[in-house]
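Undergrad: Okay, here's what each chain looks like letter by letter:
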Amino acid sequence: MFQTVAILALLVTFIGIALHWVLTPAGGPRCPLSGAVHVFSLLLIEQKSSLLGALKKLCYLVAAVCFVVLAFTGFWPVLVQGKHITGFFMYIHATFAPVFALCLAILAITWAGSNRFTFADAPWLTRLLRRVTRLRVPVDNHPWRCSVAVYKVAFWLILFLALPLILSIVVSMFHLLGTDWQHFTLAAHRWISLVFAIAVIVHTYLAIRLRMACRE
Amino acid sequence: MKRRLIAALVVSLVLSASLLAAEEAAKLLGDESDGSRALPIHRIPLFSVSEKGEKAPQIDPNDPLAMPFSTRFTCGECHTYGAISKGWHFNSLDSNVPAGRPGEPWLYFNSKLGIQLPLSYRAWPGAYRPEQFGLSLAEFTKVFARHMPGGGPGEATPSDAGERADQYVSGKLEANCLACHNAHPGQDQGGADGYAIQVSKTNFRWAAAASCEFADVSGSVTDAGPTYDPFMPDETEEKAPRMSYDKKAFDAKGNVFMEIVREAPKQRCYFCHSDLFCGENDEKTEKWCADEDIHMTAGLTCVDCHRNGLDHNIVRGYEGETADSNSPMAAVTSCRGCHLGDENGNRETGGRLGAPVPLHKGIPTVHFERLTCTACHSGPWPTDRPVLAKTSRAHRLGTINVPKEPRVLPHVWAPVFVKEAVADPNSTAKIGPHKLVWPAFWGTVDANDVVKPVELAVVTDVVGAALKDIPVAATGDWSELKEEQIGQVLKALGESGRQKPVYITGGMLFELDDAGAVTSRADHPAAAPYAWALAHNVRPAAQSLGVGKCTVCHSTKSAFFFGKVTVDSPVAALANLTKTQYEFQKASHARTWFFAFSFVFRPWFKVVAIGATAVIGIVLLLYGLKALGAVAKVLSEQE
Numbered sequence: 001m002f003q004t005v006a007i008l009a010l011l012v013t014f015i016g017i018a019l020h021w022v023l024t025p026a027g028g029p030r031c032p033l034s035g036a037v038h039v040f041s042l043l044l045i046e047q048k049s050s051l052l053g054a055l056k057k058l059c060y061l062v063a064a065v066c067f068v069v070l071a072f073t074g075f076w077p078v079l080v081q082g083k084h085i086t087g088f089f090m091y092i093h094a095t096f097a098p099v100f101a102l103c104l105a106i107l108a109i110t111w112a113g114s115n116r117f118t119f120a121d122a123p124w125l126t127r128l129l130r131r132v133t134r135l136r137v138p139v140d141n142h143p144w145r146c147s148v149a150v151y152k153v154a155f156w157l158i159l160f161l162a163l164p165l166i167l168s169i170v171v172s173m174f175h176l177l178g179t180d181w182q183h184f185t186l187a188a189h190r191w192i193s194l195v196f197a198i199a200v201i202v203h204t205y206l207a208i209r210l211r212m213a214c215r216e
Numbered sequence: 217m218k219r220r221l222i223a224a225l226v227v228s229l230v231l232s233a234s235l236l237a238a239e240e241a242a243k244l245l246g247d248e249s250d251g252s253r254a255l256p257i258h259r260i261p262l263f264s265v266s267e268k269g270e271k272a273p274q275i276d277p278n279d280p281l282a283m284p285f286s287t288r289f290t291c292g293e294c295h296t297y298g299a300i301s302k303g304w305h306f307n308s309l310d311s312n313v314p315a316g317r318p319g320e321p322w323l324y325f326n327s328k329l330g331i332q333l334p335l336s337y338r339a340w341p342g343a344y345r346p347e348q349f350g351l352s353l354a355e356f357t358k359v360f361a362r363h364m365p366g367g368g369p370g371e372a373t374p375s376d377a378g379e380r381a382d383q384y385v386s387g388k389l390e391a392n393c394l395a396c397h398n399a400h401p402g403q404d405q406g407g408a409d410g411y412a413i414q415v416s417k418t419n420f421r422w423a424a425a426a427s428c429e430f431a432d433v434s435g436s437v438t439d440a441g442p443t444y445d446p447f448m449p450d451e452t453e454e455k456a457p458r459m460s461y462d463k464k465a466f467d468a469k470g471n472v473f474m475e476i477v478r479e480a481p482k483q484r485c486y487f488c489h490s491d492l493f494c495g496e497n498d499e500k501t502e503k504w505c506a507d508e509d510i511h512m513t514a515g516l517t518c519v520d521c522h523r524n525g526l527d528h529n530i531v532r533g534y535e536g537e538t539a540d541s542n543s544p545m546a547a548v549t550s551c552r553g554c555h556l557g558d559e560n561g562n563r564e565t566g567g568r569l570g571a572p573v574p575l576h577k578g579i580p581t582v583h584f585e586r587l588t589c590t591a592c593h594s595g596p597w598p599t600d601r602p603v604l605a606k607t608s609r610a611h612r613l614g615t616i617n618v619p620k621e622p623r624v625l626p627h628v629w630a631p632v633f634v635k636e637a638v639a640d641p642n643s644t645a646k647i648g649p650h651k652l653v654w655p656a657f658w659g660t661v662d663a664n665d666v667v668k669p670v671e672l673a674v675v676t677d678v679v680g681a682a683l684k685d686i687p688v689a690a691t692g693d694w695s696e697l698k699e700e701q702i703g704q705v706l707k708a709l710g711e712s713g714r715q716k717p718v719y720i721t722g723g724m725l726f727e728l729d730d731a732g733a734v735t736s737r738a739d740h741p742a743a744a745p746y747a748w749a750l751a752h753n754v755r756p757a758a759q760s761l762g763v764g765k766c767t768v769c770h771s772t773k774s775a776f777f778f779g780k781v782t783v784d785s786p787v788a789a790l791a792n793l794t795k796t797q798y799e800f801q802k803a804s805h806a807r808t809w810f811f812a813f814s815f816v817f818r819p820w821f822k823v824v825a826i827g828a829t830a831v832i833g834i835v836l837l838l839y840g841l842k843a844l845g846a847v848a849k850v851l852s853e854q855e
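Top line first, the protein sequences correspond to chains C and Z. All the letters of the first sequence, read from the start, carry residue numbers 1 to 216 under our numbering. All the letters of the second sequence, read from the start, carry residue numbers 217 to 855 under our numbering.
Bound-form chain Z, shown alone (with noise of 0.2 Å):
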């Protein structure tokens, strides 16, 4: 028996072993930095991908039916590709991965449908998954991978069989390495034959291959025709896919040099973190009016803060991150991870990267408790009225035919300053500047009064008949809805078999009562608008709320208490409501406009404290003088 035993602990002893000796020569060239900081030169070999999914032969140029190339056959050469499609920009998928601070949705808007709706699939309160709203993960990734790095939904395999099927007509689209790391100036993310078309013309699996400078892609698999077979190519088929490469691209061996770069350049990351604000009265702005972020100004780029390591799980920069990240440099690449130091208090982290240590004089030290950095120090100047923002993955930035009305559908309104919701009871809430959408869409609401979003193949077709006859506005803009109509889709959707059916706009939940009227309720939550941190850009210092003068903020009439925030909606009873800053920062009006109003009489209140300290200090002085005096009487010795 004891033999036995012995004899199994050797045995798991030499398997542990083994395995872990399989682990560490499982890690690839590029998996560990031997510690240079050279840029180690890409002159690699290209390989596509198989029918089978495994690696194919390393592509030659010369071949007329070459396919595109893979990044997880090329670039996992020598990168664990397993572990990189892990990272943040391609896990949101997992629902292991904490989802942490709420992010930008992606927004689904129809002007003439009456929707704007916010999905995700990570669960962030608020944003609705795609599947809830009908769209499959090809779907998804055919309206919304023009702004993302691949991976994720576009290369998780679907569990229906025909998707499957179309899935390997369109291939996965796996993650594009070069979207970041190609430093090269033909990297085309959002041009005319780009990436973002790519995507759009479902050629998935062309993709990557489309958007670098070597390499071209016509057809597309919308257009074959249904027998395409992209493994078994017919030369005849004109309209399907056909890859090119540019031959000169390739030395004798059949290698490609790539102007690859560890730290991704900044208009790499600008291409899906771009954004721009229109004026006030929502007049146009241009892009060369406004300033970029002061740490670009600076020298830096955005990668120096917001770092990953091989697992490409990349540093987001919000405070309180650490509870949702494992990265070690979550707790010091932060704002105050740089500035002041980290959250568990080390200040020697602070002032790393040549950031200047504020000192913030005068500033009293609630306002660190209760405001998050970004609010005094980032977005737009704080107006009367929050402004529209576009960004590039709500409005397509960056890619061509953009609408370039200000008023063009989705709608973000931004700075709305916001107390963000925390997961930790023990921790204060904090505010912070936020952009805003209000979401609108058909749903149905069930016995708990939950509110579903009705798929969006029954909206297209029944919402779609109903309000066949709106006019369409031709800046994008929501075209507009009477209540009526409401009524009329809503009675449309129940005939077609959806329960209880309401409309979500402006705040409000529209649905039928019993006579068939259209009724409204407001506050519910799940008309609650949707809102997301704004952390850039950062203004300078000397821009920031409140230097000089604490009445920027603390006014009967500032922007970022009273600031009215349009609630956005087609509804044309709802055009002109507002709500007010204060509403979203969870504070009552009369504490709030109370407090703004003491800062009239806060020069009298410094004048008479200290006029009165004086006073007090020269009755002590005039009767301290005394007790000296009678004191020094009798040192002296005199009678």
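Just chain C, with the same shape it has in the complex (with noise of 0.2 Å):
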């Protein structure tokens, strides 16, 4: 079951993405090599040229490599193989797991506090509360971006969703739960990676939309 549902949410997230990029193109090069390196330039420039900025940079790097190695490794072998992850792909996720948690670590810090929500992300939030409470809330007249509140609630949900991930693996770890509730955590850890990954998915291609946005 969770071979056919995750196949199919990863097909529906792609395709969503890709039909998003050509109905509301972003500019940029077309040229797929070109296009790669302006993405991938993208990702970095909004970053500042301090020591921190080069952290936030290192960070973010090394967090999208492992998370490369981390969704491979772990949906191959189930997704395409139809078995469990075992052998040289289990040791090379274990492996990248606690690098790619540090690292989300050190991004939950630095980056927790640029994806606060503001009334600007939800205009129609700051209506209905003018409407109920009579207060003078103040109201933004930008119009709305949504591409902006999804990429936080998609920042705020991969923060969320990495407390389960990481620890229905660790708690497996220490002689605490039986057989049954390793099943659970093991089943609990594929669900939870499902969404996790497409959380971070959107997340990316928002960042580089926005991003692409900013230089425009």
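Hints listed in this document are in silico derivations from the structure and should not be mistaken for laboratory results. Please note that a few of the clues may not be correct.
What the hints assert, rightly or not - Label pairs and their calculated CB-CB ranges:
id : chain 1 : residue 1 : chain 2 : residue 2 : range
1  : Z       : Pro-374   : C       : His-84    : 49 to 55 Å
2  : C       : Gln-81    : Z       : Val-823   : 30 to 36 Å
3  : Z       : Leu-569   : C       : Trp-76    : 40 to 46 Å
4  : C       : Leu-51    : Z       : Asp-739   : 58 to 64 Å
5  : C       : Gln-81    : Z       : Arg-478   : 47 to 53 Å
6  : Z       : Lys-802   : C       : Arg-116   : 51 to 57 Å
What the hints assert, rightly or not - Below, a list of computed lysine-lysine pairs in the DSS-like style, where the Cα atoms sit at most 30 Å apart:
id : chain 1 : residue 1 : chain 2 : residue 2
7  : Z       : Lys-646   : C       : Lys-83
8  : Z       : Lys-822   : C       : Lys-56
9  : Z       : Lys-358   : Z       : Lys-455
Unchecked claim - Derived, one-sided and incomplete: chain Z residues facing chain C with beta-carbon distance under 8 Å:
id : residue
10 : His-576
11 : Gly-578
12 : Arg-807
13 : Phe-811
14 : Phe-821
15 : Lys-822
16 : Thr-829
17 : Ile-832
18 : Gly-833
19 : Val-835
20 : Leu-836
21 : Tyr-839
Note that CB positions come from ideal geometry on N, CA and C, so glycine has one too.
Dock chain to chain to rebuild the complex, using the hints, since each chain is given by itself in its own frame.
TA: Have a look at this one:
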């Protein structure tokens, strides 16, 4: 079941992103190679050239690489080969996982502030509050940017899902859970990782779109 | 036409009804339980078998020429012998019976001839059929039936007229019901005049009677004169077998009280199913130093798990047995069946007989997919080098004059953690502890590179002559062979008419090249070790592998993955060869080592992961509280 659902979910995500890319073009180079370089540089361009900025860049890059490795080693055996992760795939998965967790923790600290929700992220909520409370809630007259809101939602979702994602595996390594709970945590890890992966993909895509929008 | 059809139908119905009725009537007194758990009393008449193989009149203990009682006709009075003798312990000759998981073979060995050969009538890969080795039914029975409950090859009728004539004298080795069901302490399977000795004297007809507490047999078929006829005994024939019964055991009606029990006591099973593990450096061990199986300590007996009905198709108790057995208990009396629930996921069978249902706290579930229950729970605790094991059947334990040296042949090594072969491609092969022997025998190789053993008689003559000068080890160990001696034997076998003679030993195949020099090939299938699963003794849960520490197995020095299994051989050049446990698990060195090594970093992984989780959690909590503060501020209707 997981195999089917995961393949469908990932397909829908990629098709959705492709459609969004085509229907709302963001400009930029058309050549795939230069486009890839362009996109890659966009991920870094926002950062400042301070020590902290360099750390952020490094963390983001390492986290991105780790995510790709973890997603590949985690999903490939299950989705393509139809079996559990095993052998070298598992060793690589387990080796990159703590690095990813560490980077994620650093990114959580460094990015959380800039991902705080503001009234501009939800003008409909502002209007609702004004109507309900009759208070003078400040209204942002700029057009609502859905991408920003979704980008922030994806960020917080990533952080929120990271907790059960990591704990479901770490807890199973201690002499705490019996076989039934081991099965449960393994299943939880699997399902959460699917949603987590989709959130990361969406977040990365929107990060690129927003950077491109900023450049224009 | 229609009338004829109706008439035929009626006749066939009547016939089938009468057949069914006859079948129903054929059920004997003891074939079906009435439900009582009380012990049925066996005060019974004894019957022998007649010259024509039929039931003879009741045995009179006062008759000086009384024949031995026949279990077929004595026990068969109340229990359908034909059904019982098709049970697992007796049906090895029946090719229609699924062989199931490879079990312990019969090991023919001869230290001076360099032979250690697994034999079985069952189609177990790696074991040879006795006739391939030139052993007739009677010869096989004479050598190995000491640890059989009779029946099978001992009871089959040979196709050869000469062998049939021999069987007329020796009689058939009938299923010895007493071997398992006689609870009397006088039941003698391995004593000086007991069952094993009678079998070795070819006293097949007398063996079962000789084993019981109220009968005695003197003389032997082997020593009897050539004109000896058991049905026309000559009182002057002193060396021929002679039966005497303890008259006090018979009541006024000539019946005997026999202490027969339905469930075989564990001591009866132990006669054929005991084992002894030597020390890591081949030192002797004592039985009193070893613990019994935890199930026995808990008060169970063998037959609590290894059950059978009238058909005597005893449950062997391995996972997946349901594919090979039609026993309704096969699914529920395995380790998993009692402790976790049956193979179909019926949890209600778990916990039967007071079996603790394990939680397996902290054990990743992959262990249950890759390992048998016995991998962690059974056999001796794995050591850096698997130890020599002795088994009842291989080393004739429990019989008289058993050599007690640790290195006596055959060399059985345990525990070796082998990935079991599975017949079903959809099921995962599991790793479990095994006993293992390295076959050593003289054979021939055909054009398809298939090796067959040379018949024992030829080996005895040709190889025996060629190796007559090599010294015999007093310890019962191999007589050491050198490559040039192998060459001499191979040449001698070639000269005796054997095409392409080879010698298999230590995982190698030795043969002569065109120039007549000895060459060797590794990894020939015929040289592969024969391994069979080891299920007992089960250790207590507290002594399971991995209790408390993963590194019992997952370390670069663990005996489970990196223990060195001796490659056993009489050839001096192969004496120090070993194979590592992971090779039997079909795993690569790099993968196994890397995984084991990763456990060095596992505590760090835990610390990093928990630390990262804590940081992310605090960030989420912090910003969550801030968001809550903003909401609270709005809801308090402040500007």
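Undergrad: Each hint should be assessed against the structure and marked as holding or not.
TA: Against the structure, the hints:
Taking 49 to 55 Å as the suggested C-beta distance range, the pair Pro-374(Z) and His-84(C) conforms, at roughly 53 Å. Take Gln-81(C) and Val-823(Z): their Cβ atoms lie about 32 Å apart, and the range 30 to 36 Å holds. A beta carbon spacing of about 44 Å between Leu-569(Z) and Trp-76(C) agrees with the range 40 to 46 Å that was offered as a hint. Taken as a hint, the range 58 to 64 Å holds for the pair Leu-51(C) and Asp-739(Z), whose Cβ atoms sit roughly 59 Å apart.
In this structure, Gln-81(C) and Arg-478(Z) meet the distance hint of 47 to 53 Å, their C-beta atoms being roughly 51 Å apart. A hinted range of 51 to 57 Å for the beta carbons of Lys-802(Z) and Arg-116(C) is consistent with their spacing of about 55 Å. In summary, the hint linking Lys-646(Z) to Lys-83(C) is supported, as the alpha carbons are separated by about 16 Å, within the 30 Å threshold. At roughly 24 Å between alpha-carbon atoms, Lys-822(Z) and Lys-56(C) fall within 30 Å of each other, so this suggested pair holds.
A threshold of 30 Å between alpha carbons decides the hint, and for Lys-358(Z) with Lys-455(Z) the separation of about 18 Å falls inside it, so the pair holds. For His-576(Z), the interface hint holds, the least distance from its beta-carbon to any beta-carbon of chain C being 5 Å, beneath 8 Å. Contact between Gly-578(Z) and chain C, as hinted, is supported at the beta carbon level, the nearest pair being about 4 Å apart and thus within 8 Å. Interface restraint check: Arg-807(Z) against chain C, minimum CB-CB distance 6 Å, threshold 8 Å, status holds.
Taking 8 Å as the C-beta contact cut-off toward chain C, the hint placing Phe-811(Z) at the interface holds, the least distance being around 6 Å. Checking Phe-821(Z) against chain C: minimum C-beta separation of about 5 Å stays under 8 Å; hint holds. Nearest Cβ of chain C to the Cβ of Lys-822(Z): about 6 Å, under the 8 Å cut. The hint holds. The beta carbon of Thr-829(Z) comes within 5 Å of a beta carbon in chain C, closer than 8 Å, and the hint placing it at the interface holds.
The interface hint given for Ile-832(Z) holds, since its Cβ lies 5 Å from the closest Cβ of chain C, which is under the 8 Å cut-off. Hint on Gly-833(Z) holds. Least Cβ distance to chain C is approximately 6 Å, under the 8 Å limit. Satisfaction of the interface hint for Val-835(Z) is found here, the shortest Cβ-Cβ separation to chain C being roughly 4 Å, below the 8 Å cut-off. The interface hint given for Leu-836(Z) holds, since its Cβ lies 6 Å from the closest Cβ of chain C, which is under the 8 Å cut-off.
The beta carbon of Tyr-839(Z) is positioned within 8 Å of a beta carbon in chain C (closest approach about 6 Å), and the interface hint is therefore held.
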